[in-house]
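Residue numbers (this note's numbering), protein chains in the order written: chain A, 1 to 498; chain B, 1 to 101; chain C, 1 to 515; chain D, 1 to 170; chain E, 1 to 348.
Hints are computed from structural coordinates only; laboratory data are not their basis. Check the hints yourself; a few may be wrong.
[What the hints assert, rightly or not] Some chain B residues near chain A, calculated using beta-carbon distances under 10 Å:
| # | residue |
| --- | --- |
| 1 | F16 |
| 2 | V68 |
| 3 | A83 |
Computed from a predicted structure; not experimentally measured. Beta carbons are placed, not taken as given, at the ideal position from N, Cα and C, and that holds for glycine.
Now for the letters of each chain:
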Amino acid sequence: MHLACILPEVILTLAGVLIMLVDPLLPRTASRKPTGWFSVLAMVAAFAASAWQLHLAPGTAYYGVVQTDAFSVFFHLLICGTVLVALLAAIDSVRPEAHDMGEFFALILLGTVGMLLMTSAVELLLVFIGLEISSISTYILAGFRRRSGKSIEASIKYFLLGSFATAFFLYGIALTFGATGTTRIAAIAAALPHTTTPILAWTAVGLILIGLGFKVSAAPFHVWTPDVYEGAPSPVVALMSTAPKAAAFAVLLRIFYGAYPSIQQHWWSLFWVLAAVSMTLGNLAALRQQSVKRMLAYSSIAHAGYLLVAFTSFSLQGIAAASFYALCYVAMNVGIFAVISHVGGYDDHLWSITDYRGLAYRSPVLCGAMAFFLLSLIGIPFTGGFFAKFYVFSAALQQGMFGLAIIGLINSGIAAFYYLRLLTALYSKPAQGSPVLAVPRMSITLGLAILLSASATLLLGVVPRSSLDLAQRGAGTLFQTGHPAQAAVQVVNDAPSQ
Amino acid sequence: MVVPIAYYLVLSAILFSIGVAAFLIKRNIITVFMSIELMLNAVNLTFVAFAHQWHQVSGQIFVFFVMVVAAAEAAVGLAIIIAIFRARNTLNVDQVNLMKL
Amino acid sequence: MASIDHSVLTWILLLPAFGAVVAALLPERGKLVQSWTLLIALATFGLTLHLPAHFDYSHGGFQFEINRLWIVSPPIRYHLGVDGLSVWLVVLTGFLAPIGVLASWRVIDTRIKEFYSLFLLQQTAMLGVFLALDLMVYYAFWELSLVPMAILIAMFGRDPGSRTSSRAAIKFFLYTFIPSALFLVGILALYARTGTFDYVELKAALIQNPTLFSPPALWVISLSFLVAFAVKVPVFPLHGWLGDVFSEAPTAMAMVVAGKLGLYSLIRFHIGLFPFESRRVAHWMIMLAVLGILYGALVALVQNDLKRLLAFGTVSSLSFCTLGIYTFAINGLDGAVFHILSESITGGALLVLLGVMYERYGTYDIERYGGLAARTPQLATLFVVTMLALIGLPILNGFVGEFLTLSSGFATSHLWGALGTVGVILSAAYMLWMVQRVFYGPESPLVHRSPAHDLAPREHLALWPMAVLMVIMGVFSPYWIRAIDRGVHSLSNTPALNHPGAALLSSQSHEGEAQ
Amino acid sequence: MAFDMYLVIFLIFGALCIAGALNLLLQRHPINSALSLIVVMTSLAVLYLLLGAEFLAAAQVIVYSGAIMVLFTFVIMLLNAGEEERTRGSRAAYLVGFPGVAALLGLLTYIFLSVRMPLGNAQLGGGTLVTTSDLSRVLFRDLLLPFEVTSILILVAILGAVALARKEES
Amino acid sequence: MSPLLIYVLLSIAKVAVVTVVLLMCVAYTVLLERKVVGRIQNRFGPSRVGPFGLLQPLADGLKLFLKEDIMPTSVYRPLYILAPVIALACALLSIAVVPFGANIQYRGIDLFQISDLNIGLLVILGVTSVGVYGIALSGWASNNKYSLLGSLRSSAQMVSYELALGLSLVGVVIRAGSLRLRDIVDVQATHGILSWNVFGGFQIVAFFIYLIAAYAETNRAPFDLVEAESELTGGYHTEYSSMKFAMFFMAEYANMITVGCVATLLFFGGWSSPFGNLLPAPNNIVIQALLPIFWFVIKVFFFVFLYIWVRGTTPRFRYDQLMGFGWKFLVPLAIANIIVAALIYAPR
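Build out the structure end to end from the sequences listed, making use of the hints.
Structure (structure tokens):
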């Protein structure tokens with residue numbers, strides 16, 4: 001029973017270890033592609049296992065350290081699906097002759113274990129360790145293209161700022177522990193209303209927000225994002241701009257709604273500011289970018305801002321909207337980076353927006369996919385991006401956050417501009433005299449990756465019902481467990497009537 | 001034989017702040033990384049102090065895990081630093097700027 | 001009613017979308033894609049004709065309704081329906097599609113699949129806007145309608161891939177998108193209080209429960225609606241995008257870009273949902289409309305580019321509709337809706353004609369034309385007929401709308417009415433002057449050099465239906481007005497503020513659920 | 001007198017910590033910074049002892065001073081890192097950083113001192129000594145899963161260190 | 001006298017006695033080494049100063065003390081001076097927690113152990129791990145390529161073998177259920193040699209791992225690559241002379257003795273007699289106190305002798321062999337040993 005709660009994690013760990021064991025035994029000259037296929041298989045299994053977890057009765061395991069509920073399963077599915085797509089995109093984009101591909105895939109699998117644990121952990125210690133596993137593996141993956149100075153530079157920047165953020169996050173946990181004497185999320189929520197040192201908890205909230213703000217690249221903690229996205233290999237960016245971020249958002253939700261609901265009045269304004277600054281700064285900076293990857297990096301900052309809008313509405317809809325936004329965001333982002341990793345090439349020889357001019361004339365299908373993802377990022381109806389934004393802002397408006405909603409939607413107008421710049425470039429004729437670099441044939445795996453993410457984006461835009469239901473169920477579990485205080489009040493109110 | 005817990009916390013806050021300051025102004029990547037270690041150590045002190053206050057073992061265990069994490073980070077971080085030295089032949093953060101910040 | 005009545009709207013909506021998907025998959029061989037698109041467009045048109053044929057003119061509410069729950073929470077309903085206001089607009093959209101296909105038949109010679117599938121997608125989006133009765137569904141189609149247009153402008157601009165065409169695309173997109181974003185805030189704000197996106201329920205809720213919103217809040221919401229629609233129309237100071245789009249967009253797209261979506265939305269959602277607030281802005285809107293009439297006409301006078309001239313002419317012409325709408329007189333509203341129809345047809349016809357000329361001479365520059373009438377008499381004839389319709393010659397369709405709107409304008413304010421009439425004269429002036437410069441006078445070197453091809457059968461096929469329609473609409477206007485009247489009756493001043501809206505609306509919503 | 005002893009030890013090692021940390025900040029040669037950091041870490045170990053965390057004190061010395069910092073010095077030696085150049089650095093770091101750090105310090109100090117009473121005092125002895133077996137009882141039961149998961153973390157770190165430090169074959 | 005004063009005075013006395021004895025031992029271990037290695041190499045070793053050369057250490061010491069203290073110009077001075085101090089201090093420090101004999105107390109003060117800590121074993125590990133800095137910094141501060149290479153080698157070597165060393169002790173700790181050295185000895189005391197960890201505790205594999213790793217930790221042959229004369233001249237102490245050199249020298253031998261003490265405590269029953277309770281306990285309190293010390297010294301001497309013996313007879317490893325051996329053989333073996341030990345002791 002305990003093992004069932006961490007079944008996906010177990011599968012992925014075993015697979016990762018197996019790859020590491022087998023990899024040295026393979027002949028030096030042999031292709032490492034089969035390890036990629038194997039990891040795809042493992043990820044599918046993990047996805048299935050997560051789906052199977054839906055039928056488990058929600059509950060905790062391992063002495064209340066992990067919790068399986070609709071919320072964790074939702075994010076499990078999201079993360080497994082995203083990593084699956086990223087893996088598919090990576091198999092043929094990375095150089096097949098490289099000898100460290102076994103490690104590459106093993107790192108992805110093990111990193112995914114960390115992300116999955118982040119979403120299901122209800123003990124801050126496990127959250128922290130999961131966060132570190134996923135972070136460290138992404139630091140390494142970012143520097144995987146070692147021959148390029150940029151890649152390793154991205155790695156060091158990511159590493160230093162990520163660790164810096166970790167220290168803040170940890171400080172926040174320490175102060176929470178100081179205020180409540182526990183690091184279990186439910187216990188914190190229960191102890192918080194009675195603490196003698198609430199000011200510690202308030203400080204903790206701020207520090208945790210700084211720490212996780214870095215991880216989700218919310219402005220003003222976003223400084224690493226553009227450089228890292230630009231420098232890291234595109235298949236890795238497809239992964240690290242999506243799954244770890246979704247996991248970090250899950251942690252944010254879990255911590256703030258699960259542990260700190262009783263001091264909500266102290267933190268919602270922080271989210272307000274963070275959201276507004278992220279949206280505005282991200283979009284304004286994206287306007288000036290020439291590099292496609294940098295532009296998308298800034299856009300991801302803006303998207304983090306949109307998502308944070310959902311946090312300001314302290315409601316079930318808010319959680320559901322945030323979860324759903326995370327889902328849509330990863331679907332479209334992993335897709336667009338899958339395209340970029342193919343078009344730009346492993347060494348990013350095509351990087352600027354002008355390089356992408358006339359892509360429609362060279363490979364119409366890829367270009368169509370990219371255009372579709374861009375439209376979703378803009379938030380055009382019948383794509384996931386639209387509904388995501390819609391839910392987030394409707395949740396915010398239900399709490400009367402008019403200012404934030406208006407800032408957000410004006411921002412989405414600004415954002416449309418730079419996405420369109422790329423979009424129109426795709427469909428323009430290539431500039432005269434510029435060398436037309438051939439895009440290599442798309443491999444089946446990449447096609448599959450793009451197809452998966454595109455269909456996910458489309459389905460989320462047309463029939464969002466089932467995924468939204470799951471998000472709402474997850475939100476329900478989180479919102480209930482997060483309110484022992486309210487439950488206590490109800491008991492008190494019930495008492496006289498008996 | 002008493003010292004207020006708050007003194008320990010203030011000490012840890014001082015160390016943490018010095019760590020942040022060092023992170024911001026040091027120019028050698030290794031030293032920058034060391035300032036992160038200093039920050040983590042400061043946090044550890046907070047944990048131990050609170051563990052003492054609450055008579056809770058879990059606070060100390062947290063520190064134990066932080067040490068493990070710090071060790072893992074050190075291994076990876078130093079490997080990255082070696083790799084960047086190979087690629088760029090410098091350890092100055094200001095010269096690690098192929099991409100504009 | 002036949003059983004198809006329950007699903008006909010869905011068919012109308014899905015057929016072009018289906019066609020778009022298939023068109024994207026078809027091989028580019030011969031005229032296969034064009035033929036397929038034409039087939040789909042004609043089929044859609046055929047389906048839309050079902051609506052007026054089975055329309056119940058005695059009934060003021062929505063017909064052919066379909067109302068299913070799409071998403072449970074928040075409750076978004078797949079709610080479609082037509083009433084007298086939208087029925088003819090739907091038919092019009094269906095009617096223009098095959099003409100658009102015919103107009104692009106030869107002009108579009110690269111990336112054919114992309115063009116036609118986007119064209120059909122645009123068709124779906126526009127039909128969706130006219131049919132949707134759930135605000136979210138409506139908004140979805142409203143936004144969707146931007147996309148094919150923007151991409152097509154970027155891809156098939158006058159000089160494909162040039163900076164100007166992508167700038168026009170971006171300009172068009174942003175002009176509409178940013179106000180739409182605020183519009184979405186407005187929708188969400190309405191939803192936050194009323195808990196529904198359904199047009200009918202929302203309207204009832206707003207009427208029954210006036211304390212739901214504070215007056216300033218409702219005022220701001222109504223403004224967010226108004227701005228989004230006004231940009232799309234475009235109303236006078238917000239018309240910046242139109243010139244670029246007209247001059248860059250391919251003919252088939254330029255035909256549909258202006259006018260009807262925005263004006264329809266103004267009537268349906270601004271006036272319909274916010275009767276009080278819209279009356280508060282009425283005199284401003286009338287003023288803007290008249291300014292638009294004059295400004296458009298004056299700027300059109302000095303244009304040297306045919307398409308730009310047409311763009312400003314369109315601004316001027318559409319302002320008559322705005323004028324009519326905000327008089328809140330039944331005449332004005334009838335006239336406005338009728339004028340939307342006629343303007344779309346005439347303007348479309350003119351664009352096709354310009355396209356025909358461009359195909360032959362490769363320019364829109366008026367200076368380089370001259371004496372065309374002698375070489376291409378059929379073209380000239382049709383051009384003149386269309387032009388006369390546009391300037392509002394009696395017995396042609398343009399007259400009806402202009403007359404109705406201006407007369408109600410006079411009733412509201414003599415000054416504005418008088419100025420609007422000046423606009424009519426000005427429009428006659430720039431049109432006639434343009435025709436004179438292009439078709440008469442000495443043959444220009446360009447015309448002299450080029451071989452003279454008069455209209456081809458395909459072009460006849462595209463143009464004659466419109467020309468015939470102009471006459472029919474001018475003569476038998478009551479046939480259309482009859483339906484429109486039912487649609488806009490409840491919105492007009494005469495009965496609006498004291499009519500038993502609540503009772504009527506509640507009966508409608510019951511019907512909606514019964515279906 | 002005994003009361004004073006405890007406070008005095010705390011003050012001595014606290015001051016040593018701060019001095020070490022400041023020295024880390026001020027020294028220009030990385031090896032000096034590293035040694036200062038070792039001083040900080042070792043003094044912290046003493047403070048842990050004062051707080052009754054003897055296992056942690058030992059672990060602090062073994063893991064931090066004995067393993068992590070050795071790695072640091074090793075790398076400094078390997079790369080022969082010289083004195084750091086006083087490049088201008090980003091001005092933003094100075095403009096925003098220092099006031100920010102000062103504000104952070106001030107804020108945290110204020111907060112901690114304001115809750116001085118509810119937090120109480122640290123006492124030597126008094127049954128607060130946490131033995132290794134107390135620790136292991138919690139570690140291997142309540143926190144078994146995090147402990148196991150740590151192995152994945154270390155695995156990732158090893159994998160990464162190997163993958164990154166390996167010379168790229170061309 | 002107040003109890004506190006007695007406590008302080010007695011503690012200081014203990015420290016002084018232990019330090020002096022240890023340093024004496026160090027000096028004579030050097031002599032022993034020269035003698036034994038001499039015999040192994042078929043020569044006599046020092047024999048001129050005093051009877052059998054017994055005063056040789058004194059002479060060596062005097063020479064080193066009186067020699068001019070040379071400070072090379074290009075060294076990094078603070079660390080150059082600090083390094084030998086660290087090395088010697090760490091070498092001497094760990095003896096503080098070693099119990100030399102049975103727990104005999106005078107006025108509540110343990111006579112045969114300077115400090116009895118719950119985590120004695122960890123303290124030894126901690127101090128040893130800090131000892132790396134002495135060698136590492138000396139090489140770096142010397143600003144000499146041989147020194148640097150020597151200290152680089154030593155850092156890597158010591159960090160690598162520390163792992164195996166630490167892991168090898170886990171089995172012992174599991175058996176005792178404590179990190180306190182007295183507890184560890186106590187569980188081995190009952191049945192004499194049969195209950196020693198190395199035999200009765202099934203820790204013979206662990207013992208060998210410990211021994212090998214400890215040799216590497218102390219940079220002794222066959223792992224003395226740090227100061228391999230043929231490759232690196234003097235290795236890390238190439239630039240050192242006189243007193244500072246002597247400190248390194250003393251540190252090395254003190255470490256040997258510490259290793260011997262720890263091996264005795266952990267695997268050979270510490271001060272307990274090899275016959276366990278077979279022999280009747282002596283009545284005389286003095287014999288009762290000194291007999292354990294006798295056993296302890298015998299055992300430690302054995303280990304010290306073993307050190308010298310190994311040095312005299314085994315060839316040196318190559319650097320890659322050294323690393324490969326440590327990581328690919330010792331560490332996995334140590335982990336396997338932990339698993340076995342856990343399985344053995346789990347049923348209890």
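Hints, one by one, checked against the model:
Nearest Cβ of chain A to the Cβ of F16/B: about 6 Å, under the 10 Å cut. The hint holds. The criterion of a C-beta within 10 Å of any C-beta in chain A is met by V68/B, whose closest approach is roughly 8 Å, and the hint holds. The closest approach between the C-beta of A83/B and any C-beta of chain A is roughly 5 Å, which is under the 10 Å cut-off, so the hint is satisfied.
The structure meets every hint from the earlier list without exception.
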